[in-house]
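K.L.:
Sequence:
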Amino acid sequence: NSTATRLQVVVFPDILDPGEAAAVIIFASDAFGDPVLDEDMVVSLVSGGGEVLLGGVAVDDGQPLEVTEDVYAADGVYVAEFVASPLVRGPAVLRVVDLSDPTELVVEVGVDVR
18 NSTATRLQVV VFPDILDPGE AAAVIIFASD AFGDPVLDED MVVSLVSGGG
68 EVLLGGVAVD DGQPLEVTED VYAADGVYVA EFVASPLVRG PAVLRVVDLS
118 DPTELVVEVG VDVR
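Each step along the sequence shown adds one to the number in this note's numbering, with nothing skipped, and position 6 is 23.
Bear in mind the hints are in silico, worked out from the structure with no lab data behind them. Using N, Cα and C, we set each Cβ at its ideal position, and we do this for glycine too. Be careful, since some hints might not be right.
Label-pair ranges, simulated between beta-carbon atoms [what the hints assert, rightly or not]:
#: 1; residue 1: V105; residue 2: T20; range: 18 to 26 angstroms
#: 2; residue 1: D92; residue 2: E121; range: 19 to 27 angstroms
#: 3; residue 1: S46; residue 2: V105; range: 28 to 36 angstroms
#: 4; residue 1: V27; residue 2: D57; range: 15 to 23 angstroms
#: 5; residue 1: D34; residue 2: S64; range: 17 to 25 angstroms
#: 6; residue 1: D34; residue 2: V110; range: 15 to 23 angstroms
All chains should be built: construct the whole structure from the sequences, respecting the hints.
P.N.:
Here it is, written out as structure tokens:
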């Protein structure tokens with residue numbers, strides 16, 4: 018089982034209205050660009066207003082989540098959900114951490130709540 022050497026993170030949509038939800042999509046790959054499975058990915062809110070659902074756990078199980086869905090199981094694409102605060106506007110920063118990797122890869126990504 019290889020460990021991820023690269024995380025690419027996309028938040029869609031990345032411009033939200035207050036109270037709107039977005040998918041946090043994490044692509045985990047190894048040194049050869051191949052998908053990495055069975056990683057423990059966690060997403061947290063660093064700054065701004067909102068909440069990461071499911072306790073911040075990103076899943077790769079092909080199941081529906083609360084507002085989005087992980088379409089394929091075990092494909093190295095992990096999905097989490099962020100809901101913007103209905104009261105706080107402005108930028109929010111999300112942090113993704115791969116807890117399975119001994120180096121604990123970390124990526125931060127911004128979302129704008131207008």
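K.L.:
Next step is simple, just say for each hint if it's right about the structure.
P.N.:
Verification of the supplied hints:
1. V105 - T20: 18 to 26 angstroms: Hint violated: Cβ distance 36 angstroms, outside 18 to 26 angstroms.
2. D92 - E121: 19 to 27 angstroms: holds, 22 angstroms
3. S46 - V105: 28 to 36 angstroms: holds, 34 angstroms
4. V27 - D57: 15 to 23 angstroms: holds, 20 angstroms
5. D34 - S64: 17 to 25 angstroms: holds, 19 angstroms
6. D34 - V110: 15 to 23 angstroms: holds, 18 angstroms
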